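Asker: Under this note's numbering, the first residue of the sequence shown is numbered 10, with each subsequent residue one higher.
By construction, these hints were calculated from the structure, which means they are not laboratory data. From a predicted model like this one, the values you see are computed outputs, not experimental measurements. Don't be surprised by glycine CBs; every beta carbon is placed ideally from N, CA and C. Just to be clear, a hint being listed does not mean it is correct.
What the hints assert, rightly or not - Listed next, with one range per pair, are the computed distances between beta-carbon atoms: (1) 139 x 165: 25 to 31 Å; (2) 161 x 109: 53 to 59 Å; (3) 153 x 225: 25 to 31 Å; (4) 233 x 46: 42 to 48 Å; (5) 229 x 54: 38 to 44 Å; (6) 140 x 161: 33 to 39 Å; (7) 55 x 225: 45 to 51 Å; (8) 99 x 262: 31 to 37 Å; (9) 105 x 146: 35 to 41 Å; (10) 269 x 106: 47 to 53 Å; (11) 177 x 61: 17 to 23 Å; (12) 170 x 234: 28 to 34 Å.
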Amino acid sequence: MAANNLELIESRRSELQAAFLAFGSVSEQLSGAFDSLRAQVAQLRAESHLMQVLLTRQHRLVTLGELAAGLAHQIRTPLAAALLYASQMTLPGRSPEDLARCAEKTVGSLKQLDKLVNDMLAFAHGGAAREVVSVSALLEQVAQWLRPALRRGVRLTIRTQAPDLMVRANAPSLVSAVLNLATNALQAAAADLDLELLARRSPGGRAQIVVTDNGPGVPAHIRERIFEPFFTTRERGNGIGLAIVKSVVEAHHGSVSLVDAPSGAPAGATFIIDLPAEDSV
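My request is simple: use the sequences and hints to build the entire structure.
Answerer: See the structure below:
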């Protein structure tokens, strides 16, 4: 009986050893498979990030191509006007007043041409070097540019709901984007205007710049097209401004949108620039 028990115990011990060896082998295989899977996931993430970078770059190149294709047409008008006024200055018998008027018109056309070129450069350099900056300070810079251009009846308000709100940005290009939105509001309004620039933190913790006015607003039938390059409803508009705003904001990993006014609110437009917030420094 004792011998049988010893044999049984030995048999169970051998079975347990075999089971432990099998378990150890399976564990090693599972660990190896897990490490391989983790490496594959890391590779896929890297490839996904690279693909996103390439897609963003391709989209930017396509848009630049569209801008370049339309730029020739946009340049033609101010350039032709400058050449016309300049040629009139060479005609005999022109009075000093006529010469001064032609010179002023020539300079005005060249300035319009210069703005087109600068707008294109701003679009192309939307991804320039960045640093952590205060959103409130950015809005103050916008206000400094705006105040000299404010006409009678325009009231500009700068507000912040988050004084410590910071973003990582190329300050000049972001200031230019906000200034573009504000300038559009000034140009669209025929008379009195309330214009507000607001810095706030979204419920999700992102940084937002809100540009609100009580002007005529944006007609419903063109709302989906306003960010398209060269789309404009103004007689002397070039249609690049809002395309540049969109490009600059997206280069900062953000978005810009035109939102509906609250029910019962006066007519006007509200643009929201939404950006990743940075920790205060």
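Asker: Any of the earlier hints contradicted here, and which numbers?
Answerer: Structure breaks hints 2, 8, 9.
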